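From just these sequences and the hints, can you work out the full model?
Protein chains: 2
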Amino acid sequence: MPLNVPIVENILSANDRLAQENHARIDAAGVFSINLMASPGAGKTSIIEQTLPRLADKLRVAVVDGDIATSLDADRAEAAGAQASIQINTGGECHLDAVMLRGALEQLDLKQFDLLIVENVGNLVCPADFRLGTHKSVLIASIPEGDDKPYKYPGMYRGVDALVINKIDLLPYINFKMDFFQRGVEALNPGIVTFPVSCRTGEGLDAWINWLMQNVKRNGD
Amino acid sequence: MPLNVPIVENILSANDRLAQENHARIDAAGVFSINLMASPGAGKTSIIEQTLPRLADKLRVAVVDGDIATSLDADRAEAAGAQASIQINTGGECHLDAVMLRGALEQLDLKQFDLLIVENVGNLVCPADFRLGTHKSVLIASIPEGDDKPYKYPGMYRGVDALVINKIDLLPYINFKMDFFQRGVEALNPGIVTFPVSCRTGEGLDAWINWLMQNVKRNGD
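Those protein sequence lines, which keep their order, are chains A and B.
Be aware that the first sequence starts at 540, since it is given in my numbering, and climbs by one per residue.
Be aware that the second sequence starts at 540, since it is given in my numbering, and climbs by one per residue.
In short, the hints are calculated from the structure, not lab data.
For clarity, every value in this text was computed on a predicted model and none was experimentally measured.
All clues given are correct.
Dumping the calculated SDA-like pairs for lysine to any residue here, alpha-carbon to alpha-carbon at most 25 Å:
#, chain 1, residue 1, chain 2, residue 2
1, A, Lys716, B, Glu588
2, A, Lys650, A, Gly759
3, A, Lys716, B, Glu742
4, A, Lys756, A, Gly698
5, B, Lys716, A, Glu742
6, B, Lys675, B, Gln559
7, A, Lys716, B, Glu617
What follows is the structure, encoded as structure tokens:
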């Protein structure tokens, strides 16, 4: 194997140190923060678009969007009502890391916000290996991705604090065995909090919003 | 940035050398080979499941499946009629590379086959950077992923030889602007051959099968 493992380990532990610094900085400002991860097209930006209007007049929200190219997602977050929206173009990198988030945090007056949503690059593998320093990691699964994803991407499913299952409006048109999916999730991440939702119909979003509100409130206490 | 660029470049060029060796080996055996790439859940395995029965009695097919964990995909390929099916578990790696494919090729008597299908790890970023040595790279896009994917994952869309657009049966239920999608594809990869298909209904699969057959025939000449 041409991969130089010790160097990779050094990169990861350097990343962890920076993630701790990010965490301390976010926490000191009284902001609750999430790292939103998913496959390409599972609905990270759609969830943000549905979440922000429901938090209007309740919370001040900043969004940091990671993408390989374009600022499409940051534009959508801003249009949906984010008080601040920063695009990180990773320049080909397949994940956000703590250095990139630090760069974005330096552009934000964190005390102006209650909630920071970091939208990672669409990827069900690599982002799981790079802590950013957020309070919680949230994975968005999607019905059309198929029910075997926990089995095939265990690293991602194992490492998150909450699971949104998006596009449940497509269940009638897709052969998705929810029991099989849930058994895989439960084996990797017992008791994880789960939100089946549809960004199209709005179904299930209230529970997700309540979870965010409770965490923001708990973080502020 | 903690990333040591020269070392990464060395890894990539070592990979390219091994990819050339794989290519020479596959080509000398008279096998036509494709590297099938896509997001998690776009339908790589479903395409293989639909393709193999349509090639039965025409071509002898070997399938190499890359996954982070499980042998679910190789099992499905074998059930669908692959004459040989090899699972590569990458052990956490987010892509196949030429070394991994070499290991699989060593287990195959290549002269027994006309077509080799390599199913990469579900990932719309990293696999684009690692040549395997196959004749053609094929990307599977999927309607529920959304129409903005060419814009957001340009490296993948730029580097492939053919594009399958799967799950077109879901078009009535999803806001997917085919014009916008196609403009993005065309800007990155002008004139790329494209196959809109549904693995659920079978629509469009004949054109895909013809393309494979023609390439196998041309390769054998």
